[in-house]
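So the sequences go chain by chain: A and B. With the UniProt record's numbering, the residue at position 35 of the first sequence is 35, and numbering never jumps. With the UniProt record's numbering, the residue at position 41 of the second sequence is 41, and numbering never jumps.
It should be emphasised that the hints constitute simulated quantities derived from the structure, not laboratory data. Please read all numbers here as calculations on a predicted model, not as lab measurements. It is possible that some hints are incorrect.
Here are some chain B residues the structure puts well away from chain A; computed CB gaps all over 10 Å [to be verified]:
| id | residue |
| --- | --- |
| 1 | I157 |
| 2 | M178 |
| 3 | E238 |
| 4 | V450 |
| 5 | L743 |
| 6 | A760 |
Once the Cα atoms are required to be at most 27 Å apart in a straight line, the calculated BS3-like pairs of lysine-lysine come out as [stated by the list, open to error]:
| id | chain 1 | residue 1 | chain 2 | residue 2 |
| --- | --- | --- | --- | --- |
| 7 | B | K304 | A | K266 |
| 8 | B | K50 | A | K102 |
| 9 | A | K266 | B | K50 |
Ideal placement from N, C-alpha and C gives every residue a C-beta, glycine not left out.
Residue-level listing of the chains:
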Amino acid sequence: MLQCIFLLSDSGEVMLEKQLTGHRVDRSICAWYWDHAISQGDQLQPVIASPTHYLFQIVREGITFLACSQVEMPPLMGIEFLCRVADVLADYLGGLNEDVIKDNFVIVYELMDEMIDNGFPLTTEPNILREMIAAPNIVSKMLSVVTGNSSNVNETLPAATALCVPWRTSDPKYANNEVYVDLVEEMDAVINRDGTLVKCEIYGEVQVNSHLSGLPDLTLSFANPSILDDMRFHPCVRYRPWESHQILSFVPPDGQFRLMSYRVRKLKSIPLYLKPQLTSDAGTCRLSLLVGMRNDPGKTVDSIDVQFQLPPCVSTADLSSNCGTVNILSNKTCSWSIGRIPKDKTPSLSGTLVLEPGLQRLHVFPTFQLGFRIMGIALSGLQIDKLDLKNLPHRPYKGFRALTRAGHYEVRA
Amino acid sequence: MAPPGQAQRSPSPSQPSGKGEVSDLKAQLRQLAGSRAPGVDDSKRDLFKKVISYMTVGIDVSSVFGEMVMCSATSDIVLKKMCYLYVGNYAKGNPDLALLTINFLQRDCKDEDPMIRGLALRSLCSLRVANLVEYLVGPLGSGLRDGNSYVRTVAVIGILKLYHISAVTCIDADFPAMLKRLMLNDPDTQVIANCLAALQEIWTLEASNSEEASREREALLSKPLIYYFLNRIKEFSEWAQSLVLELVAKYVPSDNNEIFDIMNLLEDRLQHANGAVVLATIKVFLQLTLSMNDVHQQVYERIKAPLLTLVSSGSPEQSYAVLSHLHLLVMRAPILFSSDYKHFYCQYNEPFYVKKLKLEMLTAVANESNTYEIVTELCEYAANVDIPMARESIRAVGKIALQQYDVNAIVDRLLQFLEMEKDYVTAETLVLVKDLLRKYPQWSQDCIAVVGNISSKNVQEPKAKAALIWMLGEYSQDMHDAPYILESLIENWEDEHSSEVRLHLLTAVMKCFFKRPPETQKALGDALAAGLADFHQDVHDRALFYYRLLQYNVTVAERVVNPPKQAVSVFADTQSSEIKDRIFDEFNSLSVVYQKPSYMFTDKEHRGPFEFSDELGNLSIGADAADTVVPAHQVDANDKDLLLSTSETEKEDGRALSSNGSAYSAPLYDAPASVPASQIQSDLVNLTSGLSGHVPAASLAIDDLLGLGLSVTPAPAPSPPSLSLNPKAVLDPGTFQQKWRQLPISLTQEFSVSPQGIAALITPQALLRHMQGHSIQCIASGGQSPNFKFFFFAQKAEESSNFLVECIVNTSSAKAQVKIKADDQSMSQTFSTLFQSALSKFGVQ
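So that you can see chain B by itself, here it is in the shape it has in the complex (with noise of 0.2 Å):
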């Protein structure tokens, strides 16, 4: 069981050496299993104890199953929570000998003890044998009205596991309905929570398929339902008062004074012992005040004290979860934490992880009346031991003077900085004086008097020996000795290994020719003789491109590559709005750890190149990922069809489907409707591939020729020349973005959407699959009732040509703005038709 690499590092003494031990258990077992002697449980718990430790290590005793279900039949509870532990830990392998635990277990779940009883009923439900079920749901039933409150807390995280053996049979014995009626009336908490658990993730996941679960999950988030906990709020457990909140934070209060009631309600809870309600009673604020701006200003007052409280106290794990939290609202509203700066100060001997975020927030809470300090408390990091440190804060004056803010004296700090003489020191700064120098020219005295005392030779990273030639290549005028530098470092053009280091040199070298051609006219040939010569692809085109233009006009020359710049007023930021936004939304969660919404870690495609378990999509709750993956895209579809298909007209695929009658939905759209002699040959062709059984539309067609329909079906309306799209289509986020950003808007158009399909986007994730069916993901969506925004994508099926789109629904007047954006401009028209069409059918089937 265990990898072998782990049964080496750490030989126990208790550990055995082969198979013999578990043998000689097995007898000793045996010998004891009908014995009634006194003092023979003792000699039994031994032997369990043996049996568990083996376990424990990894070695594998499922061969004794049969004897210790034997000897299970024992008054003794220790015997039977270790016997209880060994039948759940094996019984999923061996569902025959399962079988056997299933009468003992039943006669517990009736013992006159309580505590016997719930743990019979724990083990019972955890066997998780399928063909077992029929024996789980009478002892449930009853554990349902059992008088103690521990066998109906039990009982009902029993449900739960009953429902992800066999979702039919928790359904067909009614559970749900009577959990629901255990949530409204039980005295005990923990049994009201356990409801609330249970619930909520059997209605998610029946939602799908079932319109009353999904109306009962609806309903967890009615107001009476809401007050009945919140009202009770206290008497739950810590852990229980957290999914409480979670819940809260997903209600929608009909208007302000509801708002306010349940802030009032909850502001105690700020003050808790336990760091996760706190976060989610935070989760419970923001949410609320969304929309009232000067409210959520004053909420961001009341939680800070709180959160800060929280970093100080509990241990480093925990500060860092909640400095990550912190980190977020702090990026969202720096002015509110602004005098709280001091808190973000890095101490000593802190892990790395907790130091960058602190200074990423000192970063952003600097203004004007703080810069100074925090600017010298920055510098003390930079002579700091800590390298990665050093660098990190060097980074951040550089952010923090390209905020603006008293730029002077940070301008005089990097210089300083230059004179420490330290490699890593130096690297940073010059890539901070480069970008400095971009956006504030009028610097460039003051440093450049500094940056032409530096030694090329000291600077061996290609990022700041790159941001050096820049510099040099800009300033030549100004720097005495660039011409000569330019040279020195040419000639050791061979020795210098990143291409990044070499094309600026090419630049730079041309702009220094341009505003001093005699001292540089050497370099530059030799430059241009090298990089002519360099493998590196870039750097020889970028040589030659040069070579040209100097060949054709110097003046046009130096208009390309030395135009007079304007200064640079913003930065691009790396991470957009949206997916701030998002991160936001979902406050208290890993999203927030991660700084990445939670798309980009928990759906299929984007989780990187590891092949994920199988057994995920079951057990996500309320998230998209469950339903990624569409029969469809298990067939490889076959590319010659595809290409066929495109000679051909569309036809409308809901018939398709309905007479296939499975969830099968693959494009369809090369089903003929009425087949013109000329296509009868390409049907033909796919005759083959429908035989196949690989295009059920396909067979459909075949049916069609026999079938005589030849004559009988309409002449088709006039239609596009028709697209195919890749099932498969994948797409990462940062492309999507790059593209979307690249990209002109080719198309807008709206559209209006069907009232079913308004009635069927009770949540974003319906239109999702819906679109997928048709071979259009869906990279981000959003919104709730009215507005709805989605990102989809697709591909052509033959080429890697994609389409984004962004689609926003407004279930109110039942339109859709689609803004479509493509690689392949003229196939636009062509992807918007038949997005239209897929979007008509929303809801329609």
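Only chain A is shown next, with the shape it has when bound in the complex (with noise of 0.2 Å):
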């Protein structure tokens, strides 16, 4: 039972304060907090006890959403709410920041009011929240000049509370109907100096934007569902064709969602290679990379870059490269953006790190990270069969999309 939340700007300084309970909590918590924060770092627990409160914390865009609780809860149950207010106001006001947060804070106000009471979480589906409340946008602005009216607060309460499928907004209309499904897929891996992969595998989510009439009846198969290791569905999800045949049988919310991810463990391919070679020579160290293709998986892989920390024992760095650009931030930071591998080379990146005096040769080895984004193939293999829809007046529009992006793709030295 959450008895208070606040919405800090980075800061430190409290944007927003709702107070849930008939308990006060007093504002000298988030000065707390702050200190707190301050202290730890970057090793900040999402929960941490404080003298007079447990807190529940995350951060999105530098805003740090604070709910404070003294009595034993389910810890997800905080976290999982103050991400799905993250979520909701971000997207009312299209996206998060002090200003935007500050010019709205009578409508974040109301939000929060509908989310949550006395302490329970209420309802948090977009979609119901949209009718009892509009959102700030260019649309309603353009309203309230026509018709005079300002009031953002819709004039009846949702049906869709009532409806059996609270998650659809109760009828809406389209000229042109269309669904898109994507797959979005991102790969974690762990590549060690000798090349070996020691751990691969893919999380993946399939994410629905609809635009669809009335009620419609959607079924999404695959062609090789079985390669799926375990999987969560949106609330909108059948279970039983599911289970019975590995089909998505669900009537679709409105607008973008998330209809199911998935994880694929044990891949065995990676489509791209590092080969770093660090060699220590009295007090400085010879450092060069190379990035070749290693499985072609077919399409373009762009936006390929590495990042890698250099050694706190390194004084000064000189790097180099024959393709992309190379960046060292004050941080110590390095990051090599490739862009696309050229065909006639194979990108390379070299250059001396002076170490520190006195030292001899480096001991501690960097990590290097590296991103990719592939269009047009989910790397996992997953392959969507077809999507049928019923219960629709016109033949719709159907767009399929697949994407793969590097998550924790990291190289050791």
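Now that you have both chains on their own, put them together as the hints suggest.
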């Protein structure tokens, strides 16, 4: 049971305070939190025991969402709820930052009022909230100018609360009916210094953007559902068809949503390789990196970049590459952005690191993080078989896309 | 309102400089209040916005309360909302002005628009002014009957708010019964869920003073109700689902079929997108199958995948919370996770607290088949940039080695660490090598060869230095240089700041002396001299002890200082299995994240030195924190009384209590039932203290004296030397555990418990409160009918001599098995009698 929610700016200022129960939480807790946060740096845990309260905190775009409780409660409930609040606010206000929250604090209060009462979360479903409180977008601004009615509260209560599909707006109407299905995958891999693959897995999401009139019924099937290891579904997915035939059957919410997330383990092939070489000699260290294709996925790989942290014992570094740009930031983070791999040469980066005086050779080695993006393919091999739509007046437009990008893709030196 | 520091941090342009703006606002609002001109709502809205933004920044704008209320007569809903927000914030501080708002709020509660009805009702209940509760009952009652479900959901929570303002009003209006009816009949699931949340809280808080409420609370766990919720679970919102699942986790099914039914019904919840629902479901599964070993294992297999997915999806904050739970499960059943070890590999850019959890899990799941890979992975981290991480991973390697898998390879690895020539790596490794040698003395040859090459100058950390010195002493016959290294260390005695190192140095040089006397004699002399002159008491004492021992007999000294050692087979675990079990019982709660059972952080005395908010007591649900303060504790017991009272006879305190008529229950083993002449004097002393009102029983004694009760009362039974206890005894769980381990059992007894007592023992909390009334504090309790287990402690009033009790109550046999441990063994019999008499009164009063 949460007692109070604070929104703090990136300088620790309280932007918003929403007391939820009769037991007022004094603002001084924020000062305590801020001092604690500064003393902990990036080691700050999401659940903290302060002298007076248990605090849950998440940080989004520099804004800290802080919730206080004095009683035992499921920690994920607190954290999940804050995440939802952040999502809903970002959705409503078109992004999160200090100014947008200060400009729209009345709306933020209104939203909080509907999302949680007396510490119990009520509804966080964006569609329902949208029907209770209109978003401050251009259309509503126009309307208010034209009609002279500037209230952002809808006149009627959402009908969806009484409907059997609470996630869907009651009766949307579109001139162009369209639905897009995106497979978005992130590859996590760890590669050892000798090039062996320690671990490789993919976390993927099926994202759907639906603009369909009425109450459509959709079925989505995969060509090879057996490769999936574990999945989680949006509440709209019916479980029975999935259990018996691995078919996703659902009535979609309106707009963009995450239909399903999944994991594929024990993958064997990675698209890119990175070969680091470090040789120390008398106070300097020679570094060379080579990046190239390992298994061609058949589509262009772009946005390739390499990031690594120089060890603290390095005093200066002089690095250059044969393609792309190399930047060394003040905190000794080095980033090399390559973009696409050119046809005629293999991208390489080389240079010397000068060690601090007294050190002969390098003892600690950096870990290289590789980033990339491949459009048009899901590296797990998952393929959409077909999408059927029922209960629609016209034939809608269907679109499919796939994208794979690097998650935690790291190579050790 | 806001601490000044915050206001200074980021002065925003909208922030006013002083009071001037507020009074400006006040004047403008006053102008608008009566106006009915067109467009007045827009200007009102701008003003309201300003007021609210001042409030948000933390400026006190309570002075415009009256004007705000005057302006609130409007049909504009945004204006109303802002006004509600303002009123809710300041009503508590201005109860008189709050009365002004009642009128317009009550009117809005009858508005046509359900949205306004709901909002008005919510604001009305959020005023939280005690003397206005009479205005709440009517609107709440009609709110519960409202045709619109939105209004009903608000009304249900409103009743809970009312209960917290004035419990009596809420109960008198019979709201709980109405909520129950609504919970069973309402078509809207959000209303049902809110009813459940409200009833759980109300009945839990009421249970202590009303039989009926505690019956109702039990009834929430009855089969029909649980099935009612379970069958509709998919209709509930995700948050309400978590609430229902929490309830189901407490339900005890009658047979195995029922367990399987429930699990089948809930299985798809494991794939819900909301992590809170998934964890709550896992809790239900784990709790249901606790007694079925094989199924319990299958449950682990089943929940593995969803947990691992939850960890890899979602924000870092979510994955941390899930990881903590995964950590708990891995620690309970490492074998089941041994094939998933790769999931616990650390990513480079994860925060340290996540890496630490993962390292612990890697250590736990290591077995014959995967040790090689895990240790290889850990060695990667040792070369990592991140120094704390490198340290932790070296420790993890050592722990795996102590688990006896593949020791050969690990020792090689550890020795390689020593060759890396990094201070912190060397330091951590030395500590580990020492532990390893204590367990596997057979490796000494290999280790010593490498350790011997380490220059003691490169080792600075006290722990590592102590480890190195220990090895120098222990293996001095094999290490050629040992006496000389020790000698050079002793020469620098003055520069050695850590007393731990100096202590080790003394012992090591002694051991070395026994093995290689001629080479060490000088060093030993220097060491003893330096030790005797040391300002640190322990070092001084040890040096003196060695000196006298050597003086007495060298062979005896050798037997004392350097006896043949047995290899250590198991190192003590830091966290007892009992605590682990308790944390497991509290799955899906903060306990898991903190890795402490809840009593260690929710009970008042464990919360550390800071003062907690006084309002906490009313807030807790189901926890026993609420009742830890017995009024008696606030009265400073007069030491003198207690001293005197030890010479007096024991008296049935039920009588004292009934005559007192309050819940006052300080220890009352002092009032005389009959007063021998010799004791009159002491009673007269009691008289003064009795007059001061501290000890009601004492005033009873005065009645006896003055009322010539002298000859009337029968002679008392021969009483043991009585004992008075400190009503405010404090003991932290760590000390308790330590004492419990150290002390021998001084008494084991079996008492019978009265039938009334058994009846009152629905939950362990009932007995806790009772015993607290007798100055016997509970430190931990648990169990379910028929077996309850308690750990109590008590302290003597005038000295800090502790009694520790383990008490197992079996309600079906009405027996209590008691084990007593005491600092002062001679008093344990007395304490036992006292304990028995306290226990026997349980439920009788």
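Do the hints match the structure? See the list:
I157/B, annotated as away from the interface, has a beta carbon of chain A within 10 Å; the closest lies near 5 Å. At the 10 Å boundary, the C-beta of M178/B stays outside the reach of chain A, the nearest C-beta of that chain being 18 Å off. A beta-carbon of chain A is positioned within 10 Å of the beta-carbon of E238/B; the least distance is around 7 Å. In this structure V450/B is separated from chain A by more than 10 Å, as the shortest Cβ-Cβ distance comes to about 18 Å.
Every Cβ of chain A is farther than 10 Å from the Cβ of L743/B; the closest lies at roughly 31 Å, confirming the non-interface assignment. With 10 Å as the threshold on Cβ separation, the claim that A760/B sits away from chain A holds: the shortest Cβ distance comes to roughly 25 Å. Taking the CA atoms of K304/B and K266/A, the gap is about 16 Å. The hint holds against a cut of 27 Å. Under the criterion of a C-alpha separation no larger than 27 Å, the hint pairing K50/B with K102/A is consistent with the structure, at around 12 Å.
Taking the CA atoms of K266/A and K50/B, the gap is near 58 Å; set against the 27 Å cutoff, the hint is violated.
When the structure is compared with the earlier hints, violations turn up for hints 1, 3 and 9 and for no others.
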